[in-house]
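Same order as they appear, the protein sequences are chains L and X. Just so we're aligned, residue 306 is where the first sequence starts under the working numbering, counting upward by one. Just so we're aligned, residue 120 is where the second sequence starts under the working numbering, counting upward by one.
These are calculated hints, taken from the structure and not from any lab test. Backbone N, C-alpha and C define an ideal beta-carbon position, used for all residues, glycine too. It cannot be assumed that every hint is accurate.
[To be verified] Label pairs and their in silico Cβ distance ranges:
#1 L:K388 to X:D173: 43 to 51 Å
#2 L:T391 to X:S147: 34 to 42 Å
#3 L:S385 to X:P137: 49 to 57 Å
#4 X:G181 to L:N389: 17 to 25 Å
#5 X:Q190 to L:F317: 43 to 51 Å
#6 X:N174 to L:S312: 39 to 47 Å
#7 L:E401 to X:A120: 17 to 25 Å
#8 L:N331 to X:P159: 19 to 27 Å
#9 X:Q190 to L:G404: 21 to 29 Å
#10 L:A366 to X:A234: 38 to 46 Å
#11 L:Q402 to X:T139: 17 to 25 Å
#12 L:N389 to X:K231: 35 to 43 Å
#13 L:S372 to X:N174: 35 to 43 Å
#14 X:S147 to L:F317: 42 to 50 Å
[What the hints assert, rightly or not] These stretches of chain L come out as covered by chain X in the derived footprint (C-beta under 8 Å, 3 or more residues):
#15 341–354
#16 381–391
#17 404–414
[Stated by the list, open to error] Calculated from the model, a selection of chain L residues having no Cβ within reach of chain X, i.e. all distances over 10 Å:
#18 Q311
#19 S312
#20 A366
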Amino acid sequence: DGGITQSPKYLFRKEGQNVTLSCEQNLNHDAMYWYRQDPGQGLRLIYYSHIVNDFQKGDIAEGYSVSREKKESFPLTVTSAQKNPTAFYLCASSIEQAGKETQYFGPGTRLLVL
Amino acid sequence: AQSVAQPEDQVNVAEGNPLTVKCTYSVSGNPYLFWYVQYPNRGLQFLLKYITGDNLVKGSYGFEAEFNKSQTSFHLKKPSALVSDSALYFCAVRDIAQGTYKYIFGTGTRLKVLA
Numbered sequence: 306d307g308g309i310t311q312s313p314k315y316l317f318r319k320e321g322q323n324v325t326l327s328c329e330q331n332l333n334h335d336a337m338y339w340y341r342q343d344p345g346q347g348l349r350l351i352y353y354s355h356i357v358n359d360f361q362k363g364d365i366a367e368g369y370s371v372s373r374e375k376k377e378s379f380p381l382t383v384t385s386a387q388k389n390p391t392a393f394y395l396c397a398s399s400i401e402q403a404g405k406e407t408q409y410f411g412p413g414t415r416l417l418v419l
Numbered sequence: 120a121q122s123v124a125q126p127e128d129q130v131n132v133a134e135g136n137p138l139t140v141k142c143t144y145s146v147s148g149n150p151y152l153f154w155y156v157q158y159p160n161r162g163l164q165f166l167l168k169y170i171t172g173d174n175l176v177k178g179s180y181g182f183e184a185e186f187n188k189s190q191t192s193f194h195l196k197k198p199s200a201l202v203s204d205s206a207l208y209f210c211a212v213r214d215i216a217q218g219t220y221k222y223i224f225g226t227g228t229r230l231k232v233l234a
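Modelling step: build the complete structure from the supplied sequences, incorporating the hints.
Now the structure itself:
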């Protein structure tokens, strides 16, 4: 998990509420990602960004929003439009230097709905 | 489009026995392949990768993987399994389409090492 921090570890959301998950990296990686993992399932890509001030939708972007104002930070907002937000959220960043491409993950945030 | 498949949801192996976790891929061009391990309520940890070079790649915790181009496989192996190896394992391929930085993950294989 080294170099990528996610907070909080657990997050509770009330119905109709927007919540923001934090992801910070000190690895000087250009690219950052958000994934959602449901129990017993694989990873699904929500959003990704390969450069500051630019990001692209992944496979399940509806109900989520992101920003990339700084290279180190890629916060994810789970909006009230996301009707089933309970999941484990994983942030990742990657080296994109030719021949060294590798993705690294943070420790995750578990989001629960009250 | 790039894809990976992990055909086994779960693999059981006795402690001390060799283990194999299977992964096959479908890519256009040369594949960039990765293995990750996930322990409960934790993020994924990088184990090893193949980008180019030797077909046998050695990684963390005694794991290795063999790239087989003719069989389009990248199976994860360890000569002697430990109970502490019990975890969820993911194979991944980097999407090399121009202008994208996406990584595509398999559905995961749960490894259970029995004492």
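Status of the hints after comparison with the structure:
For the pair K388 (chain L) and D173 (chain X), the beta carbons lie near 48 Å from each other, so the given range of 43 to 51 Å is met. Checked against the hint of 34 to 42 Å, the pair T391 (chain L) and S147 (chain X) passes, with Cβ atoms roughly 37 Å apart. The supplied range of 49 to 57 Å is met by S385 (chain L) and P137 (chain X), whose beta-carbon atoms lie about 50 Å from each other. The supplied range of 17 to 25 Å is broken by G181 (chain X) and N389 (chain L), whose beta-carbon atoms lie about 39 Å from each other.
Between Q190 (chain X) and F317 (chain L) the CB atoms are about 47 Å apart, so this pair conforms to the stated range of 43 to 51 Å. Distance hint check for N174 (chain X) and S312 (chain L): the Cβ-Cβ separation is about 41 Å, which falls inside the suggested range of 39 to 47 Å. About 20 Å separates the C-beta atoms of E401 (chain L) and A120 (chain X), a value consistent with the hinted range of 17 to 25 Å. The hint said 19 to 27 Å for the Cβ distance between N331 (chain L) and P159 (chain X), and at roughly 26 Å that hint holds.
Judged by the Cβ atoms, the range 21 to 29 Å given for Q190 (chain X) and G404 (chain L) holds: they are separated by roughly 24 Å. A366 (chain L) and A234 (chain X) have their C-beta atoms about 44 Å apart, which keeps the hinted 38 to 46 Å range intact. For Q402 (chain L) and T139 (chain X), the hinted distance range of 17 to 25 Å is not satisfied, since their beta carbons lie about 31 Å from each other. For N389 (chain L) and K231 (chain X), the hinted distance range of 35 to 43 Å is not satisfied, since their beta carbons lie about 29 Å from each other.
For S372 (chain L) and N174 (chain X), the Cβ-Cβ distance of about 42 Å falls inside the hinted range of 35 to 43 Å, so the restraint holds. Separation of S147 (chain X) from F317 (chain L) is about 44 Å and conforms to the stated range, judged on CB atoms against 42 to 50 Å. Counting residues of the stretch 341–354 of chain L whose CB lies closer than 8 Å to any CB of chain X gives 5, so the stated coverage by that chain holds, three being the minimum. Closer than 8 Å: that is the beta-carbon criterion, and the stretch 381–391 of chain L has 0 residues meeting it against chain X, so the requirement of 3 is violated.
A stretch counts as covered by a chain when three or more of its residues have a beta carbon under 8 Å from one of that chain; for the stretch 404–414 of chain L and chain X the count is 9, and the coverage holds. A cut-off of 10 Å between C-beta atoms contradicts the statement that Q311 (chain L) is not in contact with chain X; the least separation is 8 Å. Every Cβ of chain X is farther than 10 Å from the Cβ of S312 (chain L); the closest lies at roughly 13 Å, confirming the non-interface assignment. Annotated as non-interface, A366 (chain L) keeps its C-beta farther than 10 Å from every C-beta of chain X; the closest such distance is 13 Å.
Going through the hint list in order, the structure does not satisfy hints 4, 11, 12, 16 and 18.
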